[in-house]
Amino acid sequence: MTQPARDERDYFERIYTVVQAVPSGKVATYGDIATIVGDGCDARVVGHALGALGARSATVPWQRIINRTGGISLTGHGQKELLEAEGVGFDERGQARMDLHHWSGPSEDWARARGFQPLPAPTAKPAAAQLSLF
DNA sequence: ATATTGACGGACC
DNA sequence: CGGTCCGCCAATA
66 MTQPARDERD
76 YFERIYTVVQ
86 AVPSGKVATY
96 GDIATIVGDG
106 CDARVVGHAL
116 GALGARSATV
126 PWQRIINRTG
136 GISLTGHGQK
146 ELLEAEGVGF
156 DERGQARMDL
166 HHWSGPSEDW
176 ARARGFQPLP
186 APTAKPAAAQ
196 LSLF
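So the first sequence is numbered by my numbering: it starts at 66 and just counts up by one.
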């Protein structure tokens, strides 16, 4: 009974909370936020929530949320510059370096306390492949 | 209540 | 590696 009522499905508020958990200098994808929120939340919903921020855009680091390809979906708002100001590096293709600034997700304690869930596997790749980058 | 859109993601070619 | 198509879910008209 201590479980938060899912009836309301306040995706917006939840998404805002998760986005606020993203530290400066880090970036997260819409899909990651959706996964953390869980409960059938999808990347599309995250985009809607951020689009409905309105005046709350000043209290929610929406700039740290980018698409899966590491590119900026929204242009004209200086999102890329904002991220660069936070220390996020971009490549010539205008895409953020996910391998360097991709948020690992919230801690299990934080997530569980909020009723969310941590990321299952951010970027599981065999370390052996790293050796043969040449 | 139904149809269309949308700050996406993943699969396919 | 890049562009394209389909799919998922909610909000809005």
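Think of the hints as simulated: they come from the structure by calculation, not from any bench. For clarity, every value in this text was computed on a predicted model and none was experimentally measured. Honestly, I wouldn't trust all of these hints.
[Claimed, not checked] Computed spacing ranges between beta-carbons, pair by pair:
1. 151 / 185: 22 to 28 Å
2. 117 / 140: 17 to 23 Å
3. 105 / 154: 15 to 21 Å
4. 139 / 178: 26 to 32 Å
5. 116 / 159: 20 to 26 Å
6. 133 / 177: 21 to 27 Å
Just so it is clear, CB atoms sit at the ideal spot from N, CA and C, and this is done for glycine as well.
Quick rundown of the hints versus the structure:
no.: 1; hint: 151 / 185: 22 to 28 Å; in the structure: holds, 26 Å
no.: 2; hint: 117 / 140: 17 to 23 Å; in the structure: holds, 19 Å
no.: 3; hint: 105 / 154: 15 to 21 Å; in the structure: violated, 34 Å
no.: 4; hint: 139 / 178: 26 to 32 Å; in the structure: holds, 31 Å
no.: 5; hint: 116 / 159: 20 to 26 Å; in the structure: holds, 21 Å
no.: 6; hint: 133 / 177: 21 to 27 Å; in the structure: holds, 26 Å
The structure fails to meet hint 3 from the earlier list, while all remaining hints are met.
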